[in-house]
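Undergrad: Residue numbers (the working numbering), protein chains in the order written: chain A, 43 to 395; chain B, 43 to 395; chain C, 43 to 395; chain D, 43 to 395.
Hints are computed from structural coordinates only; laboratory data are not their basis. Hints are supplied without guarantee of correctness; some may be wrong.
One copy or two, it doesn't matter: identical chains are merged, so the pair holds either way.
What the hints assert, rightly or not - Once the Cα atoms are required to be at most 25 Å apart in a straight line, the calculated DSS-like pairs of lysine-lysine come out as: (1) Lys105 <-> Lys127; (2) Lys315 <-> Lys76; (3) Lys238 <-> Lys350; (4) Lys353 <-> Lys315; (5) Lys350 <-> Lys243; (6) Lys222 <-> Lys105.
Predicted model, so just to flag it, every value in this text is computed and none were measured.
4 protein chains.
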Amino acid sequence: MSCNFGEKVKITIFGQSHSEAIGVVIDGLPAGKKLDMDKISEFMSRRAPGRNNISTSRKEADKPEIISGVVDGVTCGAPLCAVIKNGDTRSKDYENLRTVPRPAHSDFAAFFKHNGFNDIRGGGNFSGRMTAPLCFAGAVCMQFLQDDGIEIGAHIEKIAGVSDKRFDPVNVDFASVKGKAFPVIDDSRGEEMCRKIEEAKLDADSVGGVIECAVTGLPVGLGEPMFDGVENVISQAVFAIPAVKGIEFGSGFDGAEMKGSENNDAFSCVDGKFVTDTNNHGGILGGITSGMPVIFRVAMKPTPSIGKVQKSVNLITREDEDVCVHGRHDPCVVPRAVPCVEAAAAIAIMNLR
Amino acid sequence: MSCNFGEKVKITIFGQSHSEAIGVVIDGLPAGKKLDMDKISEFMSRRAPGRNNISTSRKEADKPEIISGVVDGVTCGAPLCAVIKNGDTRSKDYENLRTVPRPAHSDFAAFFKHNGFNDIRGGGNFSGRMTAPLCFAGAVCMQFLQDDGIEIGAHIEKIAGVSDKRFDPVNVDFASVKGKAFPVIDDSRGEEMCRKIEEAKLDADSVGGVIECAVTGLPVGLGEPMFDGVENVISQAVFAIPAVKGIEFGSGFDGAEMKGSENNDAFSCVDGKFVTDTNNHGGILGGITSGMPVIFRVAMKPTPSIGKVQKSVNLITREDEDVCVHGRHDPCVVPRAVPCVEAAAAIAIMNLR
Amino acid sequence: MSCNFGEKVKITIFGQSHSEAIGVVIDGLPAGKKLDMDKISEFMSRRAPGRNNISTSRKEADKPEIISGVVDGVTCGAPLCAVIKNGDTRSKDYENLRTVPRPAHSDFAAFFKHNGFNDIRGGGNFSGRMTAPLCFAGAVCMQFLQDDGIEIGAHIEKIAGVSDKRFDPVNVDFASVKGKAFPVIDDSRGEEMCRKIEEAKLDADSVGGVIECAVTGLPVGLGEPMFDGVENVISQAVFAIPAVKGIEFGSGFDGAEMKGSENNDAFSCVDGKFVTDTNNHGGILGGITSGMPVIFRVAMKPTPSIGKVQKSVNLITREDEDVCVHGRHDPCVVPRAVPCVEAAAAIAIMNLR
Amino acid sequence: MSCNFGEKVKITIFGQSHSEAIGVVIDGLPAGKKLDMDKISEFMSRRAPGRNNISTSRKEADKPEIISGVVDGVTCGAPLCAVIKNGDTRSKDYENLRTVPRPAHSDFAAFFKHNGFNDIRGGGNFSGRMTAPLCFAGAVCMQFLQDDGIEIGAHIEKIAGVSDKRFDPVNVDFASVKGKAFPVIDDSRGEEMCRKIEEAKLDADSVGGVIECAVTGLPVGLGEPMFDGVENVISQAVFAIPAVKGIEFGSGFDGAEMKGSENNDAFSCVDGKFVTDTNNHGGILGGITSGMPVIFRVAMKPTPSIGKVQKSVNLITREDEDVCVHGRHDPCVVPRAVPCVEAAAAIAIMNLR
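Working from the sequences, and respecting the hints, build out all of it.
TA: As structure tokens, this is what we get:
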């Protein structure tokens with residue numbers, strides 16, 4: 043199924059970009075937890091569109107309405123369902139895309155998967171908008187994780203080839219990015235990234251990037267060998283975010299070029315706690331948490347919807363036909379995807395505990 | 043659970059490196075298919091150890107014995123169980139590792155996960171040996187896939203920083219690597235890789251690398267949006283292979299540095315079939331197959347077990363203690379992991395159909 | 043998890059009796075099917091309360107609002123979410139039940155399961171009201187099943203010891219009960235049942251009963267041996283209906299008293315179709331459909347909420363305390379449970395195909 | 043899938059009646075538990091055939107060989123796989139049944155499900171023999187449950203219409219049946235049952251019956267509302283046993299004839315523990331354990347394989363053809379099914395904790 047994730051805390055996401063509403067059911071949350079709705083709203087606003095001139099002009103309140111699972115602000119043990127109304131939709135922008143698919147977009151595959159009955163408006167249920175309920179679920183899970191001392195934070199590691207610093211994988215400093223409107227460690231690199239995004243926008247083009255995420259405070263021993271390791275489960279959650287095309291843990295692809303003697307992390311005991319001196323393993327050994335920070339990086343392709351005229355084909359006439367996307371789109375989805383990656387990590391970790 | 047994969051064709055893997063046997067149950071295979079056991083053996087021999095001087099000297103017949111699900115060589119619709127006896131085990135090599143974990147190895151996490159009751163011999167069920175039943179399952183699934191015109195092939199893309207050519211992602215040429223003992227497209231680069239592996243071996247060290255895999259012949263429309271997309275499902279399967287630390291689809295991390303106008307793949311209609319002129323999307327749009335070859339690359343860390351003396355810690359005394367691994371290990375697992383990646387792709391695709 | 047059912051067509055139910063709304067997500071429906079909303083409403087109205095003097099006086103429009111998965115009345119392949127607002131709630135009726143649980147009701151177990159944070163109002167997510175979204179899901183699934191010639195129908199087989207005729211299990215005659223406000227084959231027995239219900243109501247008591255359900259038009263070969271047989275899957279769905287305490291297939295408990303030579307159903311070939319002359323096996327052999335009608339009967343206990351003073355205990359003071367239920371309750375849930383049983387059968391069969 | 047059960051402790055059963063072996067993989071068992079193999083053997087011997095003149099003459103050692111998951115007799119956290127060799131097989135007895143199916147047997151449905159490729163020998167994977175690995179899994183789970191004070195026991199409640207006493211559902215007395223070769227509470231009724239079985243045997247016929255099972259020592263709060271309630275999960279497990287056609291919990295079908303005031307169980311607090319004075323609810327309220335003994339009864343049809351000549355049809359010629367079963371079969375499977383029901387309960391409860 044497309045919309046379900048997890049066994050312990052099961053996430054079910056529904057909706058399309060232009061359906062009446064989108065939402066999520068979260069089943070398996072412990073009862074008795076007072077949810078901090080302000081924190082949830084704050085988290086979701088990091089993903090919300092229309093906040094600045096480098097994101098889509100679509101405006102959405104993105105206000106989740108909790109319709110079950112919570113009584114007087116406290117979880118009651120029943121499945122929590124939250125619904126987010128879709129407001130500012132311009133469905134006419136999309137009708138021509140049904141038969142002339144946008145390059146690199148889901149239109150083409152969705153057309154054949156659903157025999158032409160797919161909801162083409164705004165990308166239907168393939169839309170980046172589906173990450174709004176993902177973020178809601180992530181924000182809720184995070185509040186449970188924080189009670190156990192588990193923190194999750196991400197930042198933009200790269201946009202259009204401009205790199206930020208990386209987290210120190212042994213001592214992750216979330217404070218260096220927390221609360222920033224454009225979450226990078228080195229703000230001067232962030233400014234350069236913004237310039238690249240604006241250039242792309244002016245050029246009716248788009249750019250991609252890389253997000254780095256860290257999870258701290260994890261106990262040793264989460265995850266299972268083989269198919270339910272930490273890497274497997276986080277990957278399954280993260281690839282739910284549209285535009286993600288790669289993921290690496292710890293030293294990742296760089297580590298593949300290192301020698302064992304370089305890449306191996308020596309063990310120590312510091313203040314009675316077993317640690318590693320370095321963290322090339324990204325906090326995961328044999329699929330299991332080592333107690334060190336879990337570190338992963340996610341590659342996001344450039345937004346497929348661009349204003350430039352592009353070559354495509356008419357699915358009915360089978361003739362070549364140019365396509366020019368008139369909808370409102372982000373020239374770079376990476377900044378808004380940062381909380382999405384955190385949310386994906388949160389629902390993954392929630393299911394590993 | 044650690045050992046289960048898939049809903050349509052369910053794979054259950056069991057065993058430890060030094061248990062009496064390892065094996066796999068495959069449930070959901072259609073009845074009436076005559077299995078080609080020679081092909082299965084041939085496939086598994088690509089993974090088997092002890093075939094040359096750059097792999098472990100552990101010798102294993104790796105002969106799968108089918109104990110259910112097949113009557114007179116033909117699948118009968120009942121779960122297929124195959125068992126592989128463990129023969130050449132030297133369990134004494136490992137006893138000292140229980141309390142002084144090998145850096146970058148699963149020992150440490152397994153110890154805490156299982157309160158010290160984990161099977162330390164040969165890495166227990168975290169061992170690379172568990173990929174033998176994975177390969178058996180993959181080889182079986184591949185025979186069903188081939189009936190539908192689906193082919194899977196992988197090659198070594200990089201070892202120790204030495205790069206092979208990549209597959210042409212639009213017209214994948216499996217013939218360029220098929221049947222090679224050391225599967226690279228450019229054999230001269232392969233020889234250089236082998237030299238690097240031998241150097242590492244002589245130096246009691248190890249090296250990592252990257253494997254590229256392609257799947258051709260897929261129909262349009264496999265996979266589901268969000269959590270059960272092709273990327274999600276292949277990742278879940280591939281991260282089951284020990285030492286895998288990263289995966290990317292299509293242009294992947296490189297694509298994250300490209301502009302939309304560069305990364306987007308234009309559509310055409312050629313001979314009545316819809317195709318893309320380039321394949322940066324790696325055959326996957328919105329999580330769904332596009333009908334183009336699925337292309338992905340897998341980063342493998344250098345073998346953690348190396349002969350060099352390494353700094354570790356005694357988990358009981360909490361004192362620093364050096365560890366020196368005496369077991370038999372591959373200085374580079376990448377060559378033997380090539381069929382494992384193909385097998386992981388096969389079980390993933392089998393579950394997407 | 044509590045609220046999920048199925049792998050092929052996944053049903054996720056959410057809500058509590060007095061939460062803002064209740065609803066369901068249905069994932070995996072084929073795209074391109076025009077839903078007949080009138081038929082769905084008609085089906086749901088059979089379950090709705092407040093229609094006569096033998097059911098609860100709570101009035102609910104029970105009008106499902108589809109908020110995703112359908113475009114212009116046609117399924118689009120995205121998860122279908124329907125929400126039903128909760129209107130006529132009187133939450134004050136329930137507060138005293140939190141600490142003095144109603145005998146035979148879920149209050150007691152829910153209190154301990156959720157550490158006292160359970161939603162006590164109207165029974166929370168244990169309420170019979172949760173069968174409204176179940177009926178919606180069932181009504182939707184039924185429209186897909188009918189396209190394949192599969193019909194589902196149920197009737198009241200027994201109430202308060204008064205028995206209706208049973209379906210002829212070989213030639214099920216749905217017409218004998220279809221469209222009846224009080225679905226029995228023999229209306230005179232139905233009148234007697236109604237009298238028993240009214241007697242119980244006047245006496246501040248309640249009665250239980252048995253529902254018989256049939257599914258016709260099934261192909262041979264649905265279901266899997268052992269854990270996913272037709273009996274297993276239907277049972278898992280049917281026990282989701284509150285008050286169900288037993289289920290039997292075919293000759294069931296009566297068959298347990300028969301000899302093999304009596305209970306075995308002889309095979310024939312009639313008009314080119316393989317059939318059995320009798321149907322003691324209830325259309326299921328070895329967990330697999332035989333092509334004959336699937337027949338099962340469901341035992342429902344008398345409504346636990348009764349007006350009589352009952353002995354209970356205060357969970358805080360641990361002292362004996364009488365409980366007297368003031369809420370609005372059905373003296374017999376059996377008539378309203380008839381469509382619920384049909385709905386459970388529909389979602390089960392939908393997942394077996 | 044046919045062969046998988048459970049999420050927390052996953053059971054995967056494989057094999058056919060006449061395949062080389064049958065077996066089971068149990069994944070998710072806690073590490074560090076010393077298994078009592080004698081107890082397991084003793085439990086399995088209660089199911090084993092050939093022990094007396096009222097069961098099949100097929101002789102099977104039924105000795106499980108543990109090939110993974112256990113080191114020096116102690117669970118190590120890896121999936122436990124046990125294999126049981128099939129010895130005394132007479133496959134020739136069955137070949138004629140492929141095209142002329144036995145009435146009430148799985149042959150017919152299996153033939154069409156698997157296009158005639160089903161393993162017909164001994165019933166293939168539909169055979170009652172598949173309960174041997176189920177019993178092994180149940181015996182293993184029971185040892186974990188007993189550590190937490192949970193006990194499971196069943197007895198023959200009825201055979202051929204002859205009834206045993208029932209357990210006192212409030213104070214279950216396992217001692218009254220434990221260790222008996224023919225487990226009934228009232229041995230005189232047991233003798234009468236045996237006579238009925240022998241009569242049926244002499245008459246080339248078979249008889250069915252009812253098994254009652256109790257689970258004591260359960261905490262309050264296990265299970266989930268709706269689809270994963272205790273009734274749902276136990277049913278899913280119990281219907282895996284061939285010949286089971288019905289199940290009821292607590293007062294079950296009898297309760298359906300009672301009034302609420304009769305069927306409701308009053309709460310009390312005895313010695314600081316909340317209990318009910320009666321146990322018509324069978325220890326389950328709203329799908330959740332109440333802390334009272336879980337009580338259920340299982341209806342088993344008479345063995346379909348009987349020596350009498352029976353009317354059937356040839357699946358190829360479509361002509362009527364008599365069938366006479368020559369294999370070795372139990373005239374009554376109820377006695378041997380008693381441990382199977384206990385085992386099913388054990389794997390169900392193990393997954394509810």
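Undergrad: If a hint holds in the structure, say so; if it does not, say that too.
TA: Now for the hints, and whether the structure bears them out:
1. Within a single copy, Lys105 and Lys127 get their C-alpha atoms as close as 8 Å, and across copies as close as 19 Å, so both meet the 25 Å cut-off.
2. In this homomeric assembly, Lys315 and Lys76 never come within 25 Å of each other (Cα to Cα): the closest approach is 32 Å inside a single copy and 30 Å across copies.
3. In this assembly of identical chains, Lys238 and Lys350 lie within 25 Å of each other by CA distance solely inside one copy; the values are 17 Å within and 46 Å between copies.
4. For the homomeric pair Lys353 and Lys315, the shortest alpha-carbon distance between copies (16 Å) is at most 25 Å, but the shortest distance inside one copy (58 Å) is not.
5. In the homo-oligomer, the alpha carbons of Lys350 and Lys243 lie at most 25 Å apart inside one protomer (10 Å), although the nearest pairing across protomers, at 53 Å, exceeds that limit.
6. For the homomeric pair Lys222 and Lys105, the shortest alpha-carbon distance inside one copy (21 Å) is at most 25 Å, but the shortest distance between copies (45 Å) is not.
Violated hint for the displayed structure: number 2, the only one.
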